[in-house]
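There are 2 protein chains.
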Amino acid sequence: MIKKNAFYAQSGGVTAVINASACGVIETARAHKDKIGKVYAGRNGIIGALTEDLIDTTKDSAKSIASLRYTPSGAFGSCRFKLKGIEENRLQYERLIEVFKAHNIGYFFYNGGGDSADTCLKVSQLAEKMGYPIQAIHVPKTVDNDLPITDCCPGFGSVAKYVAVSVREASFDVASMAKTSTKVFVVEVMGRHAGWIAAAGGLASDVNCELPIVILFPEIPFNKEKFLAKVDAMVKQHGYCSVVVSEGVQGADGKFLSDQGLRDAFGHAQLGGVAPIIANMVKDALGYKFHWAVADYLQRAARHIASKTDVEQAYALGKAAVQLALKGENAVMPTIVRLTDKPYKWKIGVAQLKNVANVEKMMPRNFITKDGFGITDKCRMYLTPLIKGEDYPPYKDGLPQYVRLKNVAIPKKLSDFKI
Amino acid sequence: MIKKNAFYAQSGGVTAVINASACGVIETARAHKDKIGKVYAGRNGIIGALTEDLIDTTKDSAKSIASLRYTPSGAFGSCRFKLKGIEENRLQYERLIEVFKAHNIGYFFYNGGGDSADTCLKVSQLAEKMGYPIQAIHVPKTVDNDLPITDCCPGFGSVAKYVAVSVREASFDVASMAKTSTKVFVVEVMGRHAGWIAAAGGLASDVNCELPIVILFPEIPFNKEKFLAKVDAMVKQHGYCSVVVSEGVQGADGKFLSDQGLRDAFGHAQLGGVAPIIANMVKDALGYKFHWAVADYLQRAARHIASKTDVEQAYALGKAAVQLALKGENAVMPTIVRLTDKPYKWKIGVAQLKNVANVEKMMPRNFITKDGFGITDKCRMYLTPLIKGEDYPPYKDGLPQYVRLKNVAIPKKLSDFKI
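Protein chains in written order, with the UniProt record's numbering: chain A, 1 to 419; chain B, 1 to 419.
The reader is advised that the hints may include incorrect statements.
[Said to hold, decoys possible] Here chain A is said to cover these stretches of chain B; the calculated rule only asks that three of the stretch's residues, wherever they fall, bring their Cβ under 8 Å from a Cβ of chain A:
1. 51-57
2. 97-107
3. 166-172
[Claimed, not checked] Cut-off 27 Å, straight-line C-alpha distance, at most; resulting in silico cross-link-like pairs (DSSO-like, lysine-lysine):
4. 342/A / 327/A
5. 179/A / 82/B
6. 236/A / 418/B
7. 308/B / 236/B
8. 289/A / 308/B
9. 308/A / 308/B
10. 289/B / 342/A
11. 289/B / 59/A
Hints listed in this document are in silico derivations from the structure and should not be mistaken for laboratory results. Where a beta carbon is used, it is the ideal one built from N, C-alpha and C, also for glycine.
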């Protein structure tokens, strides 16, 4: 068997821990130099493969690679670029295989969400057909936590922790001010279709620290009257309340409450700005003074408050992807399997990509309270272990010391390719 | 000498470390039980004094009081309620003295910004006139960092750290996405008149980690053409850029770029939402895909990423306030005196309240680069020590364990008072 090289790429929105998965992939591959040659990373994700812009990760020291574990963002660059169906876009898929072949790449590790799981599967299938078999392994990543089969997705736990901690802190703040000033605080969080991140706001309140929190989920059609009544009741009872609103909250007509009319490269609506709409709605109807925040990238980049569980799982999945490749697996994705809730125990499992691609996991209805504004004990049981533990990066002069890699490209062997 | 009780109250917008000052006041008073009786805290600030709603802090254990050191927000409630001039509002001042007299209060510790320094001074003056002398000591607090004389204000260092860390993290995120997606990230931060907090965004970039950052200060009249040219140049050079915009940024006409038309109780404009305005401006003129965030309360409540320097100074100033009182001082404020920059050394000083009240400290022009979009080395030298060090709160199940006090009121002795 000729020793094959590996290709690794990051796809879609980056997270606080996607580099921890990269770290897991690269360190594990380095530990098996007898079987895996070099790990090349795609500059800006799959675009790097199409344009033959391959980063030689061996140019970076063991220390730099180890630092990826605590560095947020995508160290090699990510992209929002979806390969379409093979029939429409056969040339692109063929180009990928051609590049892999030119650089003796036998392992394709693709680190992303649902779209990239689909791409990963197609690469595997086409490579097979083209007579240059590639072991394609998908490494799950998405703050949205909407991939099927796996119990959770790396990136989500850290966003969830950021949201839970921030909502607790802001609620303490509003509680202090409510007598003469702000009574309602609205914070907008990510989650286009699934309310997992918004749900994490509910963790801010627990038996040791009860706080009045109203959550607006994308899964629950927005009902203005019920919402205003809920906020009013909370303020009358507690003097204040915090509202956690998902960017993807929709009216009964299925329209996003705030749609800027923009679309991203995947054709998804580009959202933002529902917090001020909700806040002004409260002010107009109830007269309460408000403040609002939109966390946006701050939430998914917040490595400083990452969940230890999340970091460990992100690393473990990167490591497992390489181990699966070494076992000869193809068109699979390592998953998190939850063994027990209390104490929280998990192990790595394996999912077939054909069962993962293009399936979205929504919040189960029984994770949301009957009135649609809170989380149930079942949901709390699911979420709590995912935000558990702190995993602080090193600091110097008050700032986290995140690594930036050299990202040296290897020489190209092929002619240019237009994407 | 009859042993007098002390009154402590929190005023204005709360911070991540105002409770650390409360902790300093209460612990130091408890250590001098021979001279200071009980510490009563005003429920919701000065309103608690006016309404005789006095919290008996002795009902909380030493452990609970110690926990204030790492708990954000105002543990006794704060308020936005400014006592006007003595001539207009003599009744309120007289009521304060009456309440203090009824409860044998001889020390008035007022923890707030410029407005409360003014109130503190007036209480001292009127008490003198009314023949019931009160030692009034102001404990500085404001995220805006705009109090004079003191080198810095508790609360600011932690917001500065939050902003510097968040801008670094978000910049890493945008850098990863810029090839095919977001090229400009805009984050709005607090700072109504002074650009101290916005300046902290500049710390995200340093010699070890250069990042393209454009800052919009309230001190620099907004020039749309220059701003767009700067952003365009940054994106062309680096592929992306982050914009840190102060909520208080104004046009050449002196109007806030975003004024919701609301006013707070102090008559200040209630701002918010300049980030989307700036972001859309960039999109319209340059066509770059953008994301924007508004940190709002998240920034000032973020005790999870508080600056160690800030926490230590907040505590030290609370402690110093009591020590000044014990020395017989009146109408003063303990300050931070910077001794050296490198290594950073500081000590406690004392300012006369008549020199503090109603004076706003703006950013010196030489802290801002010539083009108006960045910070100078002088500014960096000033800011860096203030964000230095981490001071993490304890966690349980993934969440910070902030304390909530019992806040038991003492029996009232006087008739009701309408405010």
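These are the hints, each one checked on the structure:
no., hint, verdict
1, 51-57, "violated (count 0)"
2, 97-107, "violated (count 0)"
3, 166-172, "holds (count 5)"
4, 342/A / 327/A, "violated (32 Å)"
5, 179/A / 82/B, "holds (14 Å)"
6, 236/A / 418/B, "holds (21 Å)"
7, 308/B / 236/B, "violated (38 Å)"
8, 289/A / 308/B, "violated (32 Å)"
9, 308/A / 308/B, "holds (22 Å)"
10, 289/B / 342/A, "violated (44 Å)"
11, 289/B / 59/A, "violated (32 Å)"
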